[in-house]
Each structure stands twice: as structure tokens, then as C-alpha cells.
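Chains A and B supply the protein sequences, listed in that same order. Its first residue numbered 2, the first sequence is counted upward by one per residue in the working numbering. Its first residue numbered 2, the second sequence is counted upward by one per residue in the working numbering.
Hints listed in this document are in silico derivations from the structure and should not be mistaken for laboratory results. Treat the hints loosely; a few may be bogus.
All copies of an identical chain are treated as equivalent in the list; a pair is satisfied when it fits inside any one copy or across any two copies.
To be verified - The list that follows gives simulated cross-link-like pairs (lysine to aspartate or glutamate, DMTMM-like), each with its CA atoms no further than 20 angstroms apart:
hint, residue 1, residue 2
1, K359, E82
2, K39, E341
3, K123, D401
4, K123, E341
5, K101, D394
6, K101, E340
7, K123, E133
8, K434, E165
9, K39, D339
10, K158, E168
It should be emphasised that the depicted structure is a prediction, and the values quoted were computed from it without experimental measurement.
Number of protein chains: 2
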Amino acid sequence: MFESAEIGHKTSKSDYDEAVPALRAELLDAQFELLERKGFSVVVLINGIDGAGKGETVNLLNEWMDPRHIEAWAFDAPTAEESERPHMWRFWRALPPKGKIGVLFGNWYTTPINERVAKQIKESELDQHLDEVNRFESMLVRENVLLIKFWFHLSKKGQKKRLESLENDPKTRWRVTDADWHFYTLYDRYREVAEHALRRTSTGEAPWLIVDGSDPRFRALFVGRTLLGALRKRLELTGQNWVQRQTAPPLPPALDQRNFLNTLELDQPLGKSDYNELLEALQGRLALLTRDPAFTTRSLILVFEGSDAAGKGGAIRRMTAAMDVRRYRVIPIGAPTDEELAKPYLWRFWRQLPRWGKVVIFDRSWYGRVLVERVEGFCSEADWMRAYAEINDFEDELVDAGAVVVKFWLAISKDEQLARFQAREQEPHKRFKITDEDWRNREKWDDYERAVCDMIDRTSTEISPWTVVEANNKYYSRIKVLRTVCERLEAAFGR
Amino acid sequence: MFESAEIGHKTSKSDYDEAVPALRAELLDAQFELLERKGFSVVVLINGIDGAGKGETVNLLNEWMDPRHIEAWAFDAPTAEESERPHMWRFWRALPPKGKIGVLFGNWYTTPINERVAKQIKESELDQHLDEVNRFESMLVRENVLLIKFWFHLSKKGQKKRLESLENDPKTRWRVTDADWHFYTLYDRYREVAEHALRRTSTGEAPWLIVDGSDPRFRALFVGRTLLGALRKRLELTGQNWVQRQTAPPLPPALDQRNFLNTLELDQPLGKSDYNELLEALQGRLALLTRDPAFTTRSLILVFEGSDAAGKGGAIRRMTAAMDVRRYRVIPIGAPTDEELAKPYLWRFWRQLPRWGKVVIFDRSWYGRVLVERVEGFCSEADWMRAYAEINDFEDELVDAGAVVVKFWLAISKDEQLARFQAREQEPHKRFKITDEDWRNREKWDDYERAVCDMIDRTSTEISPWTVVEANNKYYSRIKVLRTVCERLEAAFGR
């Protein structure tokens, strides 16, 4: 969930100074058009980790835009007036009218998350709150509210660095209290609860947007541009035959061209002889694990996604070589059949689910919905936006039923892909593996890269994380895949 | 929730025999068109109380339509195959392809409801299941499934009568087992859990349809016609620029012209001197209750709805006469102001909510959304269909915050209304109370009657029931209102 927000985005002062005047002018324009047309209102939720720049960003928005038409609200503990009414009452009243923007700083997410972190409520009670929130937000969206939800994030390391640097400066030392350090000790738990809450409430119509809070200039531009993009899109749609409920703001592209994939070190060292040794050991370990008595009440579902020529097939073969053929099936996913098209898009995967003691390996998977279908326009934005939550729900059900779900993204560089394509064209027995479609997909490299980052951010969850495999070196890649599967199985068996 | 299903609908044999051939022909036509166009699939859920005719109705549908394109599924306890996969797996696989109809008899509602009745799970766990169901159904609707949910109902008396009559006939005696009588003893609990589950899962896009199961002919025609209406509507929409998610089947009108309102005995006896005596006693009781120490942590919210000239104002005045003017406010609800129109439709009510120790009386209310706005077309069908669930959520929040919510529908007959209108026109000091709009509304009597019945069925819940007041006799009506308020307050105070 927080993958993209932890790669350390940065914006230089000169880039920032250059970008701000135009952004301010465009934000003011959009704000004015919103006010003129009065077709909808805008609610911006500001949540996240303390110290990640929530307050500063709200102040900046107020400075950049016309403050007469932005209402910022901060909510502390309920007053007596408030506590004698429904707990949502203070938020209900803070909703802006059509034409205006409301910024809610501390809102309906704050108390449930904090209470769960402090273990004052159970997980099922948290889920009840979140369900209520989902129903409420769904109503807002239908009542012409453009809902934009920002979560300000800092990595644990980033949080520590921030506190230490404040303490080291005599001018800011007073800002760091014991409460801050106490909160720091709760970081892991807070992150876990937040991840759960964000996953349950990131819907197609009101998805969460995670803000990397580590660099003040980056986060300011990120929030400003995202707000602008969402406003612009909705203003355009309002003019047309606008379909209610398809109001997700566009997911913003990375501003500094850095993303989760292109900051990976794709070339990892591993020589052939080390590889052979590790391969044998890991295959033996996997063979034993899939024959383990503990596996009789678990199933294993492997998902392989990756760029063309990233080595999915090779990695899968190294896996199946270790398993009894009666135990596993490999399901290659291509274009859907007519029968599959006549059912919900998940049906083709539902039908293939393994029972206990069995392994199913999907060579491409349900993630096609948010990859190829998104990039090629085979489904609408509303369809792929809702798919993130639907896929998370689906994987929840798998895990609840005892499945171990391991998802791999095999990442290679653009150069490495080119080299592999060319090698395939030259080797007669591999020529069938390279088609015109592969070359066409390659032209959409950047679109795919963006779709992959969004996918990992939105579907790497505490119960079903993605494993991204640096795959320029096939040896390294195959070993990482095998080792991950063994480790996940061992964890599931409680070893 | 079950109000309309307990008034004892009946269809005579001759009416039935006359209606069936045309209905069958139309159902076959619609089924054929569905098959030809393959734009969507139909999932019919059959749930409800045993003995209310679920099985018979499914058999009949199969008989009436082309059974090659209907797939009926019954689900018992999960097999080993099934229990090693997600608990939804067997339902996922049963979904029909586009162009076909699937009838699911025993489905994703059965286990959660039964487990909650047997107290094997807690209410918060039931709610988690229901949330999951809502998310799943919402996905189905977006994946081109027309979802029709039937709940077969029998009153407790009806259930008992049915078991006794089966026992009394030597030919059917064998059909009644101890399990049936055991189930009968659980009737109240089952009804309570079912009501909760139906309320949480009756959404704008997939509302529950309650079937009065007491008369076999009536329920067969009801289900057949509802299915036909839903199919026809969706087939029409599929041709047009169809908006996903606005797929609620039309709520069916009563087939036998009987409804919850027109079967009430509106003339209730109460003479003037009895009235005066009761009035004084009840006003005294109410005065004490609103000054009771227990009221310092409760608030009271009264909702008055009713036909024009039904006596809302008079009933409200008899109430306020008993209360301290600093404690209550009467909020008359007319056309919304510009300020109110710029916010979600509930905002004008949110702003008026009382704190503890206070009373707010709404003379007309948020139910305008599903009454006047529905009948006059001020909002779309999708808007008023979703409002039932939104209003239930809203009232949930009120009750959670300590409010006692009492809702009155004041019902008068059409003749009585005419008499009152004419009387108002003749009395100079009352002439202002009668306008052209009143006469226009009167022309839409039947539309309003239908809207009121739907409203009561869909928003009379275990936590916030409607009180329908037979109001042809004003004395009786005012006393019933006062008494109900006193009783509800006393219940809230635990007396």
C-alpha cells in the first residue's frame, strides 16, 4: 500500500519555484469555474502520520487558492454539544455547499483508527465503523460531492530522521515531545491498522491517494496537482452527460519521474554455480513443503505477472520441477473465451481454485483487469478503478479459506527486454515466443509501468503482499521466487 | 419491513386462471429476448421462512419458463470439495452466463442468518458477513447481473396455522416434524435477525422484495410479475444508453389492490369526553417524562408525515402543549432553500438535530425524498431507491447517539380528506390552509399510497419503527400519537 510513498521522492528548489506559479494560476482558475458552475462540491480529507506535513500542506492550499471559498476544518475531541449528537454530526455540518471546497483535517477516519491502534476496539468493530464510512461516502458521491482522500505517509526511518533532526536543532528542539517518541514506538502497529483501514475504504469512486510526506516541496506539488487534476476532470464531466458514481479522480503520475519500478536495482548478482547449488536446495525444500502434513489443510496459489520476456515461464518451470504433477496445475491466462466473457471477469479464476493440498500457478491472472485491460482500454476507468477493491476482497476470501497466495511481479529493464526480444528472433526454437504484439506492448512501456505501480500500491496488502523480483539476471530471479514461496509456506505452517 | 406481507393478500382461483396464460407467454417472450441479446444475466435469490412456498414457487417458474435457460441451484451443507475453498466458491460457480437465469435457492444469506439465529456468531460478525455480501452484490451489479432478491414471509400466526392444518389432514401429517415445531418456537428471533439482515442489504441497486407467502396463488403471481417487470425494464434500458448500477427492479404494485393502508380501519371510536380525559392524563405523563432525569442523556425526535389534512398540526399542538417551550422546536419542512439545495439532501435535517434533553418535531421530514420527490419526479428513481438505505443508516446513527426516534404516518380515507378540504374552504379562518396544490396532490392519491406503503415496508425497522395512526377520528388520532410517544420514552428509560 505504501510502496510508492517510500522510495524517497524529491523536488529540487528550482523545479519547485518554476512549477508553483503556473499551478497556482490553474488552481485559482479551476476554483473559480467550480464556484461559477456550482455543479458539485469538493471534500478533501487530510489524514496520515504526524509529521508528514498535513498541516503545512493545508496552509499552502489556503495560500494558493482563494481562501474565501475554501473552508478548512480541524476536529479535536468532541465538545459537549457534539457528543450529545451522532458522532458524524460535526462532520455532516462541515460539508461545503456546491461550488466550494471543504478541507477536513482529522475526520471520520481519525477516531476509529486511533481507537484500534490503542486496542480500545476490536477488529470487527473497526470493520463496522469502516462499513458505515463506506456507506456514508458512497452517499456523498451520489450527492454530487467530489471526494479526494489524501493519506500522508512517512517511512519508519523517515519518521525517526525527522524527530532527530528537529531535536538536533536548538531552534526546533521544543517541537519534539515525549508523546512524539511514544508515537514512534507505535509506528508499526499504526501502519498495520492504517493499511487495513485504507484497504477497506479505497473504493473505485473514492480511492485513497498516498502522499510521500518526506519532502515538503514534493508533497506540496503532489497534492496541488492531484487536486487540480481531479477538479479539472470533474469540471469537464459536469458539462457532459455525466454518469454519477464514476467520479474517481485520476491517479496522478509521479512528478519526478521516479517510481517504484524504475528505482529498483534490477541487476542483481548471482553466478551459475551458486545458482545451481541454491536451486537444488530450494527445490528440495519446496518438495518437502508441498508434501508436508500441514499442507493437507492449506492450498497454494501463485500469481506470476511481469513484462514480456521477463522470465515467468522459466521461473514457473523451476517451481514445478520440484512438485508432484498430481498436485499442481499451471493455468496460462490469455484472451478470455466466449464462455468466460459471459460471466463476471473473476469467474475464469474462480473456476480454477485449488482445494487443500493442491497448487495452482497462474501465468498471468486477474490482475489483467488493471494492467492490459486498463492500458488497452478494454474496460472503462470506472471498471478498473473498482477492480482494486474487488480483487482485495477476492484475495481476502482465498486467504480466509486457507490458501497461501503469493504474487510475483518480474521486473526487467527496457534494455534487457530489447536484448531478449532480439535474441529470441535469432534463435529458431524461440522465435515462436516473440510476436508483433510483444513489440506493440513495448511501445506502451510507460503506460504499463504506471499501471504496475498503481497495482502494487493498491493491492499489496498485509494479507496478500506483492513480491517484486529484480529479474534482469534470470538466476537471481528464479532463486528469489523459489525462496519466497518456501518462506511463505513455512510462515503459513507456523515455522 | 414485513408490514405489507402480513395483511393477508389473496388471489381467487378464477383471477389466477385468467392471469396465468398471459403471464407465462410474456415471461417466455422476455426470456427469449434475454437469450437473444445476451446483454446481462439474471440471478434470482430465493430466501425466507420455511413453509412460505419457496420450493413451490421455484418449481412453478421452471414450469412457466423454458427450463433449458433457467438453472436452479439448491445448496445444502458444503461438501468436502466446497469446504476446502472460499465459502463463496459454490455460489461463484453457480452464476449464470449472460442471456440466462439462475435461481439460487439457499445462498449467501442462508448460513450467516442461521448462524446468528443459533447465536453461533455475534452481531458484529454477522455485520461483517453482510458487508462482504454487499460488496459482492455490488460487484455483480456492475458486472451486468440483474439481481432480484425475494424474501418469502409468513406471519407467526400464519406459520402456526399452516403447521396445524398440515397436521390435521391425515394425508399431510407426515410432513410436519418436530424440527418444524422447534423452528416455530424460534420464529421471533428468526424474524428479528432476518429483519436486521434485510435492512443492511437492501440497497438501491439490489433491494429486497418481500413476498407474502400465505396464499399460493398470490405469491406465484407476485413472483412471476415482479420477475417479468424487472426483466422488461432492464431489457428496455439495455437498448438505451444504460447507466450501470441503476438497475433496481421496479417495486411491484399490489396485485389484489390491497395494501397496508387501504386495509386499515381508519374510523376508530373515541368520544369527546373520553378524549378530554385521556388527553389530560397523557399530557401530564409526557410533561413528566420530558422533565425526567433519565431524559438528560436522551433526545427525542418526532417525525410527522401524513396525507394533506390528516391532522398533523393538531396532533403536534397537543404534544407541545405538554412541553416547556425551551425544550422543543417544531421544524416545518417545505420546499428546500437555495442553501439547502447546495448540500446533500439530509443536510437540512442534520442541522436541526437536538442535543440531549431536547425535543425536535419535524412536520414533514427526510421522508419527502421517497414521497413527494418520488411521486413528483423531483429526483431520479436511482436517487429515491438508494434513499431507503441512507435513511436507515441515518436513523441508526440517531439511535446510537441516544435519540428516541418516533415516526408517525397519519392516515385518513379519501372521502374524509374531501370532507376536510371542503370544510376548510368554507371556514374563512381556515381557508389559507387549502391551496391548489392540495387538490393536485389529491389527484395523485394512488401514487402517494404506493409510495407510502413502500416507505413503511423499507424503513420500519427494529430500531426505528413506523407508527401508523388511523386518523379519520381526530380525537383517536391525537391520543394514539401522545400515547405512543409516552410509551416509547418509557421503554427508552427502561420502565
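Right, here's what the structure says about each hint:
no.: 1; hint: K359 - E82; in the structure: between (59 angstroms within a copy, 12 angstroms between copies)
no.: 2; hint: K39 - E341; in the structure: between (44 angstroms within a copy, 13 angstroms between copies)
no.: 3; hint: K123 - D401; in the structure: both (18 angstroms within a copy, 18 angstroms between copies)
no.: 4; hint: K123 - E341; in the structure: neither (40 angstroms within a copy, 38 angstroms between copies)
no.: 5; hint: K101 - D394; in the structure: neither (34 angstroms within a copy, 26 angstroms between copies)
no.: 6; hint: K101 - E340; in the structure: between (48 angstroms within a copy, 12 angstroms between copies)
no.: 7; hint: K123 - E133; in the structure: both (16 angstroms within a copy, 18 angstroms between copies)
no.: 8; hint: K434 - E165; in the structure: neither (54 angstroms within a copy, 73 angstroms between copies)
no.: 9; hint: K39 - D339; in the structure: between (45 angstroms within a copy, 11 angstroms between copies)
no.: 10; hint: K158 - E168; in the structure: within (15 angstroms within a copy, 74 angstroms between copies)
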